[in-house]
Every structure is written in structure tokens, then in C-alpha cells.
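Going down the list, the sequences are from chains A and B.
In case it helps, our numbering puts the first sequence at residues 47 to 691.
In case it helps, our numbering puts the second sequence at residues 135 to 386.
Bear in mind the hints are in silico, worked out from the structure with no lab data behind them.
Warning: the hint list may mix true and false statements.
Some chain B residues near chain A, calculated using beta-carbon distances under 7 Å [stated by the list, open to error]:
id	residue
1	Y163
2	D189
3	Y197
4	N198
Using N, Cα and C, we set each Cβ at its ideal position, and we do this for glycine too.
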Amino acid sequence: MRYFVSFLLVLSVVAVCYAEDMTISANVDRQEVTLDEQTTLTITVSGNVSNIPQPYIPGLNGFTAYSSGRSQSISIINGQISSSVTFTYILVPNNTGDYTLGPFNINYKGKTYSADPINIKVLPRNNQPSVPSQQQAQPSGPGSIDQNVQPRQGKELFIEAYVDKLRAYVNEQITLTFAVYQAVSLFNNPLYNPPSTTGFWTEDMPPQKKYYKIIDGTRYLVTEIKTALFATGPGEFTIGSARLEATVEDIDKVVSRNPFGAFDQDPFGMFKRGKPLALTTEPIKIEILPLPDQNKPADFKGDVGDFDISLNVDKNTVEENQPVSLKIKIKGKGNIKTISSPSTPEIQDVKFYESGSSENISKDNYIVQGEKIFEKMIIPKKEGNITLGPVEYTYFDPVLKDYVRKKLAPMTINVTKSKEEPAEKNTFAPAVTQEEIQLLKRDIGYIKTSHAEFRPKNAFLYKNIIFLLINILPFFILVALYLYELYRSRLRTDIGYARSLRARNAASKRLKGARKIVNQFLRPKGQNLSEIDTERPYPTRVSKDADLLPRMYKNMVKEFYTEIYKAVIEYIADKLNIPHPSITKDSLEYKLKEAGVSEDIIDKVKTLFDDCDMARFASVRFTKIDMECTYRQAEEIITNLERFI
Amino acid sequence: MKKIFASSFLIFFIFTGISMAFDNPEDLYEKGNSSYENGDYEKAASFYEELIRIDKTSPEVFYNLGNSCFKLKKIGKAILNYERALRVDPRDKDTQLNLKLARTMAVDKINISERGFVLNTLLFLYDRTNINELSLACSFLYLAVILILIFSIFFVAKRRFMFCTAASIGTIFFILFIFLFAKIKDENFTKMGIVIAEKTDARSGPKEDYLLQFTLHEGAKFSIIKDVQDWYEIELSKDLRGWIPKITVDII
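Given these sequences and hints, build the entire structure.
Below is the structure:
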């Protein structure tokens, strides 16, 4: 296509350089035609232009024109382009008489070219051929049969259309037959334009019927197409003309081309040439009679034909509120599709639901027949017997020319009480469709009006001293309790610890006892023996005979020294956790050394013990000052030892 | 021992109760509410503000004041007061909803960094408690631990079980204590503010003649970093800081 366009472009450029010239001519293949025949009009436009316009075809008076195509040829000779376009029309005459076709004009760049008009003479039909034996159709309707067959003897192809009756009742079947008679083979599939059937309900009746028929010695292949027509109302109706367009083998030309007859048979069809033909039939007038008003039943719904009716339920016993399916079947000949549901009488406490209909149509023997089934649901609302019917159905029989009423015997359905509670009334109502909540506009929530407790903004608990105290105090309580318990448990479990804790107290007690002894025996005598004053400076140890205590005090002095000795030795034993009896001076020295006590203190302890031994066992006499001195030494030793053990 | 605790708590509550019974906050509150009901939001707001001025506040007061401001189209103040109400009563659904709605009306869209699911779960308690509740919870757990330890001193036989219990309670206490600590720190050191003026300009320094960096509109929330005379240095996100005049904002 693109190639073609560009080609045309080149051509048009070239064409501009030359003088443009154009001719138009019109021809018909014959100038005398009968009404049965047709003629071919050929208009040829040629010139050295590339895009040849369509010629203007004036109204072809008295003819029906069919375009049969166009052909184009382009030739370039010595740079000269010439193209020609041929338009072909098939003209079918409508009436007899003399006609002038044209003139045919063509407008190209402001110039008008024209072809001479053509005269054609249309002659009446040749009435020679006889109609082939007519189709015998039974006259069922009123009026005689007038088969609208147009015999065309000697024609290789002709068509005819006829009906089985020219008078019929409304909704009665009329069979329209369209037949094609052909004695030659067709080049292509013929184009069939069915007739217009305004005012009729049509029903195609396949299949096409094909048979051979010999008419006046010519064997024709007959193809029949049947259509059932049902008039929708009374009055005069016209079935329009049917048309057939076909291309047939042109026998004449084939023969003339082959003078030697070698290719008469032309088995391959090599030289066959097609001849387009357009055929029409005469319109058919049909009188449609109205259905008689006489005896017309009130419930007549317009069904015409011959029908039978039957009724059928799926069960005879049903619980209340349970559905029963009811089927009404109408069967017979006639326009099945237009059959309407027969009326069923209203029954109290019974609900009817139409649940549809189904139809089954057959066209045996080219008669429209079949059955239509109407289904209904019946829901009885109450227990008891319900009687359906009698169902009545009325139709018009065109053969009897009267109305026929068919009656069905009543049918009884037994309704039992429902085992279940009757369903809610709105069981059958559709559920309310749920919708999203549409938020129209948002607003804040309402204020709070409930009781409020007011307090300062910064009234935090953690800033409240009482709160903090409540939290801190238990901790100290815990610590205190823990430490006390720790102490107590040590006393309970650790004897050494307990002894060492008690040692100082025990030593003090003994020292106190020793001082008591001195105070006891010195005070009553009133001698100027001063109390052993612990506050006094440390006395130097000077032993003078004059100061020696009298012998009468010997036991008491012994006792004093024993106390001092026990105080110190028990103190050390307790501290070092050594059993009292096992202690000796030697082992004591060693133990003290082990405990890390310094040498001078150990020496002091040894000196003290020597003094005590002398007083206790050697009966050496001591002065008051000696005793005082020993007492102080013991105190000092204990204080010093406290630092080490 | 228990008696002592109970009575000390009682004393504490009585103490705070006495401190509440000043002035007449109930009257102001009632007046505010009836003004609001009559549609006089201006008047209602003034009553609620008076309550706040005399430092007799409650979450309801903040919430109602927020509502009044919202009705008066003062979105910044509304947000401010809802935030204040949430500080005291973080679980209040009404306040949360209203705050959400008010925030949608604010001009500035500030991306608050969304916490993930894990963090949200971990901080579930943190988000839904206020300082006093956390303090009480911590105190309660702490006293429970102390009590158990004290008992453990005397009931040597069950010491192991008691220590285990004390340890678990102590763990919870520890977590809550961290929460409490963070809350107090949030409240006192990382101050948040809301723009209450229609708009405010954030400059590069605390003076009008510094470079204008960006403009904030009513309702925008920010944290305050520095406080210099009449200016706050604020931070919107990690890298957006500026100085804005104090009169245009209010601290939550």
C-alpha cells in the first residue's frame, strides 16, 4: 500500500509536467433488454493522470443498478503515463419503455468531461416458457393458492418465492419458500438478500432443501430456503422482493471463443468467464384475517395453532413453608415462542413464584412445533389440602376456525405441619448490605466533667521528703538489723572471738578484785597507805625495808598477786584462744611472739610474772609501792597487748 | 513493721490532701465546664488558665483547656495542653485522640522518628506511666525487697528462696527505676516546646538580625537545647536547629 502511494506520488509529479488529457466513455453490452434480462453498463475513464476521480452517475431511471466493481490499469509508454479505470454496473430494468442513461460526467480540476448518453429499450417479458410443475401445498387458509412463480424458460439461473397460503389468521403459520433454479455452475457463493417481512414474526427453518427438477428438458438444481411467518396483526401485508446476486458461467462467450470446439468441455474452466447476475422476485401480497370475535373466551391470550396442555408437580405431600415445583407443559403446533403462561388461580395461604420457562422447538416437515414448559414454585403457608386448578388454556385452531379450551383436572397437594418453627417472615428478604461508616467530619472529644483532683504541677512524689524518708529509712533499718545479727551470730559460733571479746572485761574484773583486796585490808588500819590511785604517776620501783608491809598482810598480798597474775594470763589466754590450764610461762612467750607482740612487752609480761611468782610462792615481802607498781604494770600490759592481739 | 509503713503512707496522703484544699479550684473547674457547655470557649479557657496559674492542675484541666483552645482555632495551644495532660495521664484515650486530631491540623509536618515494634514493646510501660506512678511502683518494689531481706535475716531456713524472690523483684525495680530516672530527666532536662504563635522564625542566633533559617507554624513540637534571655535554641531533628523568641512558644 505504501509502495503504491509513493508510486502514485511519483506519477503525480510527472503528470504535472504534461498536459493533462482525459476521456470518458460509457457503453452497455446490449441496448435492447426484456424485463427478465439485464444489461451491463461500463464506464471507462482514461487519461494521463494518476488519480482518476469517480464519475458522476445520474439517476438511472427505470433501472435498478448494482455496482459490479472497478478495474484500473496504468501504463507508461515512453514516459507517457496513461491510466484507465473501468466502472461496471449491472442494470436490471424495472419497467418497459425507452430509457436514456446519462450523460455521464466527470469533473477533474475544474474541467468537465462527459460521455454520450445511451439509449436502452426495455421490452416486456417473453411469455413462452411454462411454469414447472408447481409445488403442491395444501390450502389451509382462505383463498386459493397463487404461486408466485415466474417461469423463465431457457434461463440458466432463475429464482422464485412463494407462500403456502395468501390468506391466513393472525399468528397462523405461513411458510415462505424461496427457491433458486440453476442449470449452470456458479462462480461464487450467491448473495441472498431475504425479502423484507415487516409485520411478521419470522422463524428460519433450516435445512436448505436441495433437489433436481427437470423443466422443459433442462435439469435444474433447486435450492429451497423456507421461512415460517407469523403475522402479528390483521391487515394487508406485503412480503418484499427477495434478491440474489451471483456470477454465473457465461456459456455464449465460451462457445464463441472456441471455434474449434476443442475446449468445448473446458474441463479446467480455463476460459470460462463470469457473468454477474442480479435476480429479484415479485413482492407477494398476503391478507391476514383477524381472529373472530365470536365465542372469544376472556382468557384467550392469542395463541394460534393446535396445542395440548399438561400439569405436573414434583410432590404431592409437603411440609408447610416448603416449596413445591409446578410444571405446566404446552405442547403442539404453532408459534411456541409467543405462548404465554396460562393463568393459575390465586389460592389463599399459598405463595406463587414464577421460576422461569423453557422451550423446545422443532421444525419437522417445516411446521413450527414443540413444547413450552412454565415452572412455578408454590410455597404453602398453612397446613391442609390445597387444590391447584382447574388450569385452563385457550387457543385458536385455524383449521377448525374456532377457539378450543383445554381443561386440566384439579390437583390436590397435601400440606403437613412443619416440624420446625415457621421461619421469620423476613427470611426471604435480602440481607441489608453493610456499609463502611462514612466519616463526615472529625471533631475533638467532649470535655471531661468528671471530678478532678487538683494539685500543683510539680507535686512529684520523688520530691516529697516524707516519701523519700519512707523509702530511705527501711534501708537503714535493714543495715542495722543485719549488722546486729552478724555480731550475734559471731558470738554464737566463734568461741575464740567470744573469748577475745570477753578477755578485756575479765581482766578488768580481776584487776578490780585485786584493787579491792588492797583497799579492804589497808583502809581499816588507817595507815597512810594511800589507795591505789590509778591517776597517779607511775611509781618507780624502789624497795626499802621500812616500807615493807607487815607479815600479817602476807596472805592478802599473795591473794593480790594471784589476782594480778590471773588477770594477765587469762587475758592472754582468752585473746589467743588457748585453754587456761595448758598455759605456761615458756609457751606463753612463744605464743606471744607468734602473735606478733613486740619484745619489750613480752619482757614486761615476763617481769610481771616473775614478781607475781615471787609473791605467791617465795614469800618475798613487798612494799605498798611495789603492789601499786605491779597493778599499773598489769594495766599497762593489757592496754598494750590490746593493740597486738 | 508493716504497720509503720502503712501509717507512714497514710500520713503522706493526708499531707498531700491538706495541701490540696486551698483556694477553690472546684469552683473554677465547674465554671469552666459550664462556659464550655454554653459554647463560650474563650471564657472557659480563662477559667482553666486561672486554675493553672494558681497551680491547681489536673489532667482534666489541661484536657479541657486544650479542647477550648481547639474550638478557638488555637491549634498550638491545644496541642500544648493535650501534651501536658498526657504527661500527667499518659493512658487517657480521649486526650490521645484529640491530640492526634489536633496534630493533623498543624501546618508543619515534622517527622517524628517512628520507633520500631521491639522498642515500642520494651517501652510499653514507659509510654503509659507518669512520674508519680513510676515513683510509687519503684517505691513499692524497693520496700518489698527490703522487707524480704529483713525477713531473711530472721528466717535463716528460707533464706535462699527469699533471696531469689528479692532478686527478681529487684530486677523489675531496677528497670522501673531506670524508666523513672529517664522520665525525670525528660521532664527536667530535655524540655519540649510547642509553637503557640501563628508562626515563628527560627534564626541562626538569639537576635532579630541573625539569618532567618526556617519558619515554624503553630503546633510544631520541638526540644529546647539552650535558653538565652528571650530566646530558645531549639532542635527539630538531629540536624535542624535554630533560635526562636520565647514569646512565640510555650514549654510543655
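Taking the least C-beta to C-beta distance, is D189 (chain B) closer than 7 Å to chain A? 4 Å, holds
Given N198 (chain B) was flagged as interface, is its beta-carbon under 7 Å from a beta-carbon of chain A? 4 Å, holds
Agreement of hint Y163 (chain B) with chain A interface, Cβ distance less than 7 Å: 6 Å, holds
For the restraint on Y197 (chain B), tell me whether the closest CB of chain A is nearer than 7 Å. 6 Å, holds
Every hint, counting from the list given before, is met by this structure.
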